[in-house]
Amino acid sequence: MSQDTGAAHETAGERATYDIAATETKWQGVWEDLQPFRADDDSPREKRYALTMFPYPSGDLHMGHAEVFALHDVVARYWWQRGYEVLNPMGFDSFGLPAENAAIRNDEHPDTYTRANIAKSIESCKKYAASFDWSRTFNTSDPEYYRWTQWLFLKFHERGLAYRKNSAVNWCPQDQTVLANEQVVGGICDRCGAEVTKKELTQWYFKITDYAQELLDGLDELEKTWPDRVVTAQRNWIGRSEGAHVDFAVEGRDEPVTVYTTRPDTLFGATFMVVAADAALAGELVTDEQRPALEDYLVEVRKETEINRLSTDRPKTGVFLGVHATNPLTGNQIPVYAADYVLADYGTGAIMAVPGQDQRDWEFAEAFDLPVVRTVQPPSDWEGEAFTGDGPAINSANDEIDLSGLGVAEAKSTTIAYLERKGLGRGTVNFRLRDWLLSRQRYWGAPIPIIHCPVDGEVPVPDDQLPVTLPDLRGADLKPKGTSPLGAATDWVNVSCPTCGGPATRDTDTMDTFVDSSWYMFRYCSPHDHTQAFDSAKVNAWMPSNLYVGGVEHAVLHLLYGRFFTKVLNDMGLVDFREPWSAQLNQGFVINQGKKMSKSLGNGVDLGDQLGAFGVDAVRLTLVFAGPPEDDIDWANMSPDGSLRFLQRAWRLSGDVTSSPGADVSGGDLALRRTTARTVHDAAGLVEAYRFNVMVARVMELVNATRKAIDNPPEKGGCGPADPAVREATEAVAILLSLVAPYTAEEMWERLGHQPTVVRAGWPAVDEALLVEDTVTAVVQVKGKVRARLEVAPDISEADLEAAAMADEGVQRAIDGAAVRKVIVRAPKLVNIVV
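Just remember that our numbering sits 1118 ahead of the position in the sequence shown, which is counted from 1.
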């Protein structure tokens, strides 16, 4: 083909575009027939498990789903191209408050509503060309799934890890259910935004605290492959602290009151004791005379949220309980107060108050005119109140122990040793982490498989009676009322005790949806095996998953629970690993006009509208190209129309190639071949480093280089469309674009004369010789200023590079006859001459 013909062809080609809607429909049908992403358990290829957090089916897909699926798909498709067998499943977290609340708002039964949304979401996912293996799909509300959720609960119960107790719990007044500590953010329900209160209830817990230390230790290894902010969030939530339990004798009480402190070295400064006003201990200690005052105070305390109680900028309040305790080191009698700034579930619900070293204690001491004794010497210029820093111990001695002058660490260990020797206390480790409260007073969840018998107590439902399915309750009012709607289903509730056969009742609470999502990644490995929760051999073959993609909002909740479940399953001998996810990637949020999308703000962006206007590929490309995955994306600043123009430009290349498939490329245009080789080589490293946006930028550069090669004569750096190097470059573009823009890539691959599908084309081979640079630029500095740039061989010796630099005319002019004191050579890129 002559160059003129090529130019004429391009002129026509520039006007050519493909029909987005028709192309999407066409390839959806092809993929449905070919099932290119179905994972084969028995494949001899190396396995990779690509996992993304599965969604709540409370509506159709939105911009957040579009982002996470696009980012996740880059890696999954890349692994397929690199020759791995990839497990990339998708299911739906269909139990729980989000789905149930949405159903109630729409006046539908949750099962009907969620199944309709699931069908809509699957259709949308397929249109979005997400490379999921749909043969493994399940929903957590399927009885076939939650049978095994209940089975696992019973196994935890059997091991003493599931138990029931009465305590003050977090209560959401809007959703009318309890919440785990992890579901309360700043005193607010993370589901509905209501202010959380406290309520006394008997609830089910998982004993996650048994694994607190291991959950903490495991982060040392995970920090190599997990985002820093996730690892930090988990460390802070687990909250390990080292200190001591100290026993205080209290008048009128046989048993001492034990307090936990991280600073036993300050015990000489404990001038009063504070008990959480709502702790049972306060009611035990208070005298009859002071009881009315405590009860009046409790009325006010119960109106406050936990976050308000811990606030540092509110006045300190409290009530004297009428009793005194004995400071075990000073022997002084110190008053015992009830106050709201101590929480019932922290430590023992009581603290020793050291106002000299704790600001909240200082403020309480000021409010109640209590003595302040400093036990750590503050700096000479200290002008604050309580001093919490390091320094020498002062005012800390009795007849048997003297801490004077000791630093904090030594004073702590000395005090603990003394307390243990005298039987007054003991060194201990404490964790901020509390056991996981899993009961919910809602309908839409897995029923807790326990039967309550007046004779036999808590009786597990026998395995052969699982699943305990939800009663239908269609037409019933499922709005939250503070007690589970299941309690009204008397035919369901009233049963015979499996042990004694007498009358008994089912537990009417359901499980938190985070129980369902704590083990779903195992089920994907054998989703249709109804004889067991999962096939251990298959799980051990696929897991831990190589990558887990999802939102940072789950940094504590879901990720911590999933890690806990995995350790228990390992202890049960069901899996041979203790961490479920080897690496993790967080995506940012898609915002608009600088703010989170909201109907009330009028800045919502409808995903369907964007897909209709620009097509799936343009939206996906825009989301991937916007920046690093962890950054937020402001859609107002994005250009999906620009993405579409680029994709059309890349597609036109495939129509211009005139060489045949398989043409010998060895004699092709060397410059274009080098650009192609470098792009493919760099793209692999960029994907593996999660720098997807930079990878896209490199593909754009390759498209431009290929266009230039087609359009220009040799004297202007071109080679024409018949050159095999153009085919090589265009095929590389198609394969690289298949990670981001699958419809465009498939069209290109077909136009290039290949059979579908491009996703199994394989990563382009790179001739390593093409990556070797003929020359590199060496910079020569004299007196710190650049005086020359030399094109030299990459393997030039230091001596030869120095000689070349000294021979350069510009360098000689800069030296200007001065004595050369030192020449620093860093071959092949730098020479620094000091005169």
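Among the hints, erroneous ones may be present.
Stated by the list, open to error - Within a straight-line C-alpha distance of at most 20 Å, the following computed EDC-like cross-link-like pairs (lysine to aspartate or glutamate) qualify:
1. 1434 / 1484
2. 1238 / 1727
3. 1325 / 1160
4. 1244 / 1151
5. 1273 / 1724
6. 1245 / 1724
7. 1342 / 1697
8. 1273 / 1647
9. 1245 / 1151
10. 1273 / 1581
Said to hold, decoys possible - Label-pair ranges, simulated between beta-carbon atoms:
11. 1503 / 1752: 42 to 50 Å
12. 1253 / 1342: 28 to 36 Å
13. 1507 / 1342: 29 to 37 Å
14. 1878 / 1752: 47 to 55 Å
By construction, these hints were calculated from the structure, which means they are not laboratory data.
For glycine and all other residues, C-beta sits at the position ideal for the given N, C-alpha and C.
Evaluated hints:
This hinted pair checks out: residue 1434 and residue 1484 have alpha carbons roughly 9 Å apart, not beyond 20 Å. For the hint linking residue 1238 to residue 1727, the alpha-carbon distance of about 16 Å falls within 20 Å, and the restraint holds. Note on residue 1325 and residue 1160: the hinted pairing is violated, with a Cα-Cα distance of about 37 Å set against a maximum of 20 Å. For a cut-off of 20 Å, the pair hint linking residue 1244 to residue 1151 stands: about 13 Å separates their Cα positions.
Using a Cα cut-off of 20 Å, the hinted pair residue 1273 and residue 1724 is violated, with the two alpha carbons roughly 44 Å apart. With a CA separation close to 15 Å, the supplied pair residue 1245 and residue 1724 stays within the 20 Å bound. Annotation: proposed proximity of residue 1342 to residue 1697 holds, straight-line Cα distance about 14 Å (limit 20 Å). Taking the CA atoms of residue 1273 and residue 1647, the gap is about 19 Å. The hint holds against a cut of 20 Å.
A hinted pair counts as satisfied when its Cα atoms are at most 20 Å apart, and residue 1245 with residue 1151 qualifies at roughly 15 Å. Proposed proximity of residue 1273 and residue 1581 is supported: the alpha carbons are some 10 Å apart, at most 20 Å. Look at residue 1503 against residue 1752: about 44 Å separates their beta carbons, and that is inside 42 to 50 Å. Between residue 1253 and residue 1342, the C-beta spacing of about 33 Å keeps the proposed range 28 to 36 Å intact.
Checked against the given bound of 29 to 37 Å, the beta carbons of residue 1507 and residue 1342, roughly 33 Å apart, stay inside it. Between residue 1878 and residue 1752 the beta carbon distance is about 36 Å. The supplied range of 47 to 55 Å is therefore violated.
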